[in-house]
Amino acid sequence: MNANRPTLVVEDIKTYFFTKAGIVKAVDGVDFTINRGEILGLVGESGSGKTVTGFSIMGLVDPPGRMTAGRVLFDGQDITALPENEMRRIRGRRIAMIFQDPMMTLNPVLRIDTQMIEAIQAHENVSRQEAWRRSRDALGRVGISAAEERLRAYPHQFSGGMRQRVSIAIALLHKPDLIIADEPTTALDVTIQGQILFEVQKLCRETATALMWITHDLSVVASLADKVCVMYAGKIVESGTVDEVLDSPLHPYTRGLIDSVPNRNRRGVPLKQIPGMTPSLIDLPEGCAFRTRCPRSDDDCLASPALTSPVLGRKARCYHPHLPGAS
Amino acid sequence: MAAFVIFCALVFIAIFAPLISPQNPYDLGEIDIMDSRLPPGAVGLAGLTHVLGTDDQGRDMLSAIFYGLRISLGVGVMSGVIALSIGLSIGLAAAYYGGRLDAIIMRVVDLQLSFPAILLALIVLAVLGKGVDKIIIALVAFQWAYYARTVRASALVERHKEYIEAATCLALSHKRIVFRHLLPNVIPPMIVVGTVQVAHAIALEATLSFLGVGLPLTEPSLGLLIANGFDYMLTGKYWISFFPGIALLLTIFSINLVGDQLRDVLNPRLQK
Amino acid sequence: MVIVVMSLLVFFGVNVIGNPIDILINPEFDQEEMERAIKALGLDLPIWQQYLVFVKNAFNGDLGKSFVYGMPALQLIVQRMPATLELALTALLMAVVFGIPLGMWAGLRPDSVAGRTIMSGSILGFSLPTFWVGIMMIMIFAVMLGWLPATGRGETVALFGVQVSFLTKDGLAHMLMPAFNLGLLKLSLVIRLARAGTREAMLQDYVKFARAKGLSTWRVVMVHILKNILIPVVTVLGLEFGNLIAFSVVTETVFAWPGMGKLIIDSIQLLDRPIIVAYLLIIVFMFIAINLVVDVLYSVLDPRDPHRRGSGDRPGNPHGGDRKG
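Chains as they are written, first to last, in numbering that gives the first Met the number 0: chain A, 0 to 326; chain B, 0 to 271; chain C, 0 to 324.
Bear in mind the hints are in silico, worked out from the structure with no lab data behind them. Heads up, some of the hints might be wrong.
[As the list claims (entries may be wrong)] One side only, chain A facing chain C, incomplete, derived with CB under 10 Å:
hint: 1; residue: ILE22
hint: 2; residue: LEU59
hint: 3; residue: MET86
hint: 4; residue: SER166
hint: 5; residue: ALA170
[Said to hold, decoys possible] Calculated cross-link-like contacts (lysine-lysine; reagent style DSSO-like; alpha-carbon spacing at most 27 Å):
hint: 6; chain 1: A; residue 1: LYS13; chain 2: A; residue 2: LYS271
hint: 7; chain 1: C; residue 1: LYS226; chain 2: C; residue 2: LYS207
hint: 8; chain 1: A; residue 1: LYS174; chain 2: C; residue 2: LYS168
hint: 9; chain 1: C; residue 1: LYS226; chain 2: A; residue 2: LYS19
hint: 10; chain 1: A; residue 1: LYS13; chain 2: C; residue 2: LYS226
[Stated by the list, open to error] In silico negatives: residues of chain C with every beta carbon more than 12 Å from chain A:
hint: 11; residue: SER119
hint: 12; residue: LEU147
hint: 13; residue: HIS223
Every residue, glycine too, gets a C-beta built ideally from N, C-alpha and C.
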C-alpha cells in the first residue's frame, strides 16, 4: 500500500438498473477520492443512490443493475474490469463492507463463529483453531465481552448493537485498506450509535484504514468524517471538507438538509423543511434534479448543471450556490 | 400458451366426442371382437383404420379415448365446481363471521387437509360404494377444503381493511360492501387453486378407477381404460394402456401449466 | 383426541358398508349355523356395543380379526408394514437426493435452458399419473429391455428382526422402479420447494454480505443457501411422508409389492372390516408420530425462536428480527 497514492479513486461511475418500468439511473456520474486513513461521509436521502454507489465499488450490483460507465481505482489498480475470482480476493480482505441491518446480513441459521471463521478461511489458509482464535480476539477488540461464549451463539440471540459490532469485527478481520460502511448505525438507538461511532473512529485512526461512511444523518457525519460528499438523485451535488460544508453549505439542498436538523439553539423557531419529495429515479425533472424543490431555481436550472468549483477546494453542482459571505 | 391451446382442444374433443369419434366404442353393434388387440394403424374388419389400435373387446382406441376423456373431464370439472361452491361459501362465512365459527371451520379444514386425499377418497368410496355420483362426492370431499382455505385467506385480507373503513361507513351498506369487495378479491387466487384442483381431481379419479374402486365399467374414464390395458402390457400390447395414459397426461399437464402461468400472472408479489 | 374422533368415524362408517354377514357367511348355512357364526364374529351385538368391545380390545393390542384371513388384523398389517415403509423411505430419499440439487440449480439460474427445463419437468412430474408411469416403466424396463424385474419384492434379509430387502442386490433391483415411481410426485414437489427457497434466499442480504466477505460462490450456495432452504423442505417433506405411505397403495398395486397398501385395497374390495378399521387407525397413529418427529427435526434445524414457525403447508418468511438497542 503506497502511502502517497489515494486508497480509492472513483471516476465518473454510472450504475443503471434496467427494469420493465424504465431505466433507473441510480448512480449517474459520481466522482470522489479517499486518501489513506481518511474518513469520507457520503450523505443523501433514501433513493439518492448512495448504497448503490457502495455496491458498485465492491462489484456487487445484481441484475437488472449494471455498472455502465466509469472506473474505480483501488490503490491505483482499476478494479472495475477485474475478473470475478480476483475481485473476490479483494472483497473482505482489502475492501470490507458493513451493511445497515445486521439481522439480515448475518445468516440466521449459522452460528457466529461459523460466519467469522469462514470469512478468515476464505482468504487465508489457516487452521480452524487459529481462525477461531482470531475471531475471538476480533470480538474483544470491538468491545464484546465473554467472546468465547458469544461465538457459539446465533445472530438472533444478540441485540442489534452487538450484532453490528460483530459485523464491524468481521470487517476488521483482515485489516482492510478500505471499509465501506452503509448506514451501520441507522437501525440502532442513539446511545449505542454514539458508542459504535466512537469505536469505529478509533479503530480507523489506529490502523490508518480509509473509511467511507454512507448515511442520511448529517450529525453523524459532523462528528466522524474528514470530508463529505452530498448525493442527490444519483449525482454528487456538493463536496468538500466537513467543516466547510457544514458551516457554509454551497448547494441549496445541503443547506436545506442542515436547516432541517433540529438545533437546540433555535428553540421556538419553526423547523424548516425542504418542500416536495425525493424524485423517483425513473422520472427525474428536466435539468437540475433539485430544481422543483429549490427556492433559488429559475430558468437557468432547466439545463443540467455540471460540478464546478465556485470556491477553491470545494465543489458544487449548482447555478446559484450559496456563496460564503453572501446570505 | 401452448398449454392453453391444448387444453381447449381437449375440452372440445370431450364435448363433441360422439360427433367426431370414428366409432362409438360402446355401441355393441359397431364393434367386433374379432378386431381385438390390433396394433396401431391396423385396419379392422369393417374397413376402419384403427389409428391407435384396438383393445381387448375390439373397441377402437381413439374413440374410446375420446369418450373416456369426456368422462374424465366431466367428472373432474363437475366435482371442481361443486367443491368450489361449497368451499367458497364456507370460506366466506369463516372470514366474515370470524370468532368461534371461524376457529371451528378452520380446524376442520386443517384436519382434512392433513389427511391424504387418496385415503379420504378410499374411505368415502368404501362406505358409499361405486357409482358416478359417489365418485364425485369423494372428489368433492377432498377438494372443498383447499378452496375454503384460499377463499378465507383472501377474504380476511379484505375484511380487515373493511373494518377500518367501516368505522366511518354506514352500517347499512356494510353487508353489501363486504360482498362486493370480498368477492372480487377472492376470485384470482381461487382460479389458480381451481385449475390445480381440477387437475388433481382428474388424476385422483383416474387412480381410483385404476384401483377398481372408481367409476363403474359402464362409464369408463381414462383411468379404467388404462386399467384394462394393465393385463396386456406384459405381452407387449402397450397401446391399450399407453395412449389413454398419454391423453390423461396431456389433460393434467396442460391444466397444470395453465394454472402455473395463471399464478404467475395473478401474483402481485412476483410483479417486481 | 384425533384418534378418538377418527376411530369413531371409521368404525361407524365402515359398519355401514354392505352387510358383512351376507358376504362372509356362506348363504348356504342354515339358520342355526348362521347364528353361531354371527355370534362368533360378534356381529349380533348392537353397534355401539360392538364399538365398545372394539375399543377395549384395541387397548389390549387387539384390533379385531380379519374376516378373510382369520388372523388378527394388527398382526397382518404389521407384517406388511416393513415393505411399505421401506418403499416409502427409499422414495423419499430419492426425492430429496435428486430434488434438492435440481431445485437449487433451477433457482440459481432460473432463466437458463437447464433451469427452465427443470421447472417444466417438475410440472410434468406431478402431472403424470403415478399408476400409468408405473405401467410404462414396467413395460419399458422389464418387458422390452429386460433390465429390471417387473413385479414383486426381492430377497429379504433380517435387520434387527425386521425383513428388509434393500440389503440384497436382488432386493434393490426389485425396489428401484417402485421407489422411483412413488417418489416422482415428491421429487417434483422438492424441486419446486428448493427452487422457490433458493430464489428467496438469493434476495436476502446475508447472501450479499457473504459475497462481500469474499466467500466463494460454492460456499455461499452450499452452506448459506442450502441450510436455509433445508428448513422448509424438510418440514413439508415430513408432513408429506404420511401422504407417501398412503399413496403407496397405488404403487403397490401396480408392482404387486406386498405392503400395507395392497392389503387395504383388497380389504375394501372384500369388505374385510377389521382390516380397514385397523389400517386407518394405524395410519392416523403414524401421522401423529410423523408430525412429532417433524416438530423435533424443525427445532433442530432452525435455531431461532420456535414461536416464529409458520403454520400451514408453507412456513412463512423467517426473517422478522427484533431490534433491540
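Which numbered conditions among the earlier hints are violated in the structure presented, ordered from lowest to highest? Hints 1, 6, 8, 9, 10, 13 are the ones this structure does not satisfy, whereas the remaining hints hold.
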